[in-house]
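First to last, the protein sequences are chains C and A.
Using our numbering, the letters of the first sequence correspond one by one to residues 1 to 381.
Using our numbering, the letters of the second sequence correspond one by one to residues 1 to 135.
No lab work stands behind these hints: they were computed from the structure.
We treat Cβ as the ideally placed atom computed from N, Cα and C, and that holds for glycine.
Heads up, some of the hints might be wrong.
To be verified - Only pairs whose alpha carbons sit at most 30 Å apart, straight line, appear in this in silico DSBU-like list of lysine-lysine:
no.	chain 1	residue 1	chain 2	residue 2
1	C	Lys358	A	Lys35
2	C	Lys358	A	Lys82
3	C	Lys358	C	Lys323
Said to hold, decoys possible - Pulled from the structure, derived: some chain C residues nowhere near chain A, Cβ distances all over 10 Å:
no.	residue
4	Pro47
5	Pro104
6	Ala152
7	Tyr168
8	Pro199
9	Ala216
10	Ala217
11	Val282
12	Leu294
13	Leu362
14	Ala373
So the chains spell out like this:
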Amino acid sequence: MDDVMLRSLTPGVLGILVRRGADFAAAEDAVQDALAEAVRVWPADRPRDPKGWLVTVAWRRFLDATRADAARRRREDLVEEQPAPGPATAVDDTLQLYFLCAHPSLTPSSAVALTLRAVGGLTTRQIAQAYLVPEATMAQRISRAKRTVSGARFDRPGDVATVLRVLYLVFNEGYSGDVDLAAEAIRLTRQLAAGIDHPEVAGLLALMLLHHARRAARTASDGSLVPLAEQDRGLWDTASIAEGVGILQTALARDRLGEFQAQAAVAALHADAPTAEETDWVQIVEWYDELARLTDSPVVRLNRAVAVGQADGPRAGLAALAKLDESLPRYTAAAAYLHERDGDLARAARLYAEAALKAPDLAERDHLTRQAARLNSRRSG
Amino acid sequence: MAKYLLLKHYRGAPAAVNDVCMDQWTPEEISAHMKYMHDFAARLEGTGEFVDGQALAPEGTFVRYDGEGRPPITDGPFAETKDLIAGWMVIDVDSYERAVELAGELSAAPGAGGNPIHEWLELRPFLTEPPTITE
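Chain C extracted, bound-state conformation (with noise of 0.2 Å):
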């Protein structure tokens, strides 16, 4: 039995259950019964069509269900005037999904479990063992959410937006136990992609790419953390680069430029200089004033004055954080990095030690660490 394959089928077969009218949590249920039928019959009757049987199989599954409960009896008078099963596209099935699990009555974290395990098609021990929490906190989170966007109705697409950021939030969490949320984010992307014409999809897709590409450089055979310009160039996926720059030119020469876009552009500006030196700083900081102009975002702020430190020198650099709230995230990392260029060793020591505290995770705060010991130990030495 093909796991992938049963995965790739069901996000399209609950799109159709849910588009005919049937409630999320009893289509669920009834897509995960043909599921299990279909690991039992498969192997010595395979369909010629799967999907179309797993959709006549979960559908039967559903009215059965439906018309042993008397108090959706109504529901079933709707449901039966649906068109009969059928081979169907998947796309426009799967959108529904999407913007169903990324309803705004659900939180982050409710969101993001419900895509991957409705439109990923991930079962909750995956998903549980990704977020590293208790199968059966997972299993509570996912119901909870069920039970939120239930009798949600899907006649017209939701908040674009909101899905992108439900897609963006799993490709940030990285990947353990058996999957690798990064490129299971970037499948949903693509997905997504296919069947929505709108730049800011292009612009996510564009960005996953370009980040997904540098992933093998980022970190040493340790696990510790290895910056930007360290980064052993020639471990940079180059397929994966050509494709997010050509998919990030296309979009961008829509002109309707978005948050995404603009982050992808300066991922592209990166993946794009030979070496460390040569990158184009001057044009990465125009890209975010884009992105501050867009966004409005302290963070990006923040990122700018770095930007700007490379590409006007440290004292600039410096000059554009003095502007900024002292206890943004990583401001205290920012402002080490830019002292130490300008030759303030002690002090650049002093801030990565003391932003080393407020990391947060491992990997950058041993970074940081070993940043400050290094200006330490030098100074010593």
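Since the structure of chain C is already known, use the hints to place chain A on it.
What follows is chain A alone, placed relative to chain C:
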């Protein structure tokens, strides 16, 4: 088998023998320390004695219920008096002696100058469910 919690403190524990702040080490010393911790956990996974372990951020907050209809209160700027946990590891071992032996080994992780830190680790046994049958 009994479970024990090993606690590493940011502060609150007595000072280590080789008590040098990590940013004063060399990057190589940091790498050696990380490798030691990692190898230790990997070895216990191999012996089936490892349960779980995580590092914690230094910022912690005390929280207390403040009465009906009021938000929970959190402590003020008194953080310097608090005991702060840096990380923990749960092991599942045959005896208290084995737990002490492993804690001692973890405390010997190399620090500045490549010498053991001799830091104090707190060892706490898990309370277990009472047995179904008591004699």
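Structure-based check of all given hints:
1. C:Lys358 - A:Lys35: Holds, at roughly 23 Å.
2. C:Lys358 - A:Lys82: It holds: about 18 Å lies between the C-alpha atoms, which stays within 30 Å.
3. C:Lys358 - C:Lys323: Since the Cα atoms of Lys358 (chain C) and Lys323 (chain C) sit roughly 21 Å apart, the hinted pair holds (cutoff 30 Å).
4. Pro47: holds, 43 Å
5. Pro104: holds, 26 Å
6. Ala152: Non-interface label on Ala152 (chain C) holds, nearest chain A Cβ at 32 Å vs cutoff 10 Å.
7. Tyr168: Holds, since 24 Å exceeds 10 Å.
8. Pro199: Holds: least Cβ distance 38 Å, greater than 10 Å.
9. Ala216: holds, 20 Å
10. Ala217: Fine: 19 Å to the nearest Cβ keeps Ala217 (chain C) off the interface.
11. Val282: holds, 32 Å
12. Leu294: The assertion about Leu294 (chain C) holds, with a minimum of 31 Å to chain A.
13. Leu362: Non-interface label on Leu362 (chain C) violated, nearest chain A Cβ at 6 Å vs cutoff 10 Å.
14. Ala373: violated, 5 Å
Hints 13, 14 from the list above are not met by this structure, while the remaining hints are.
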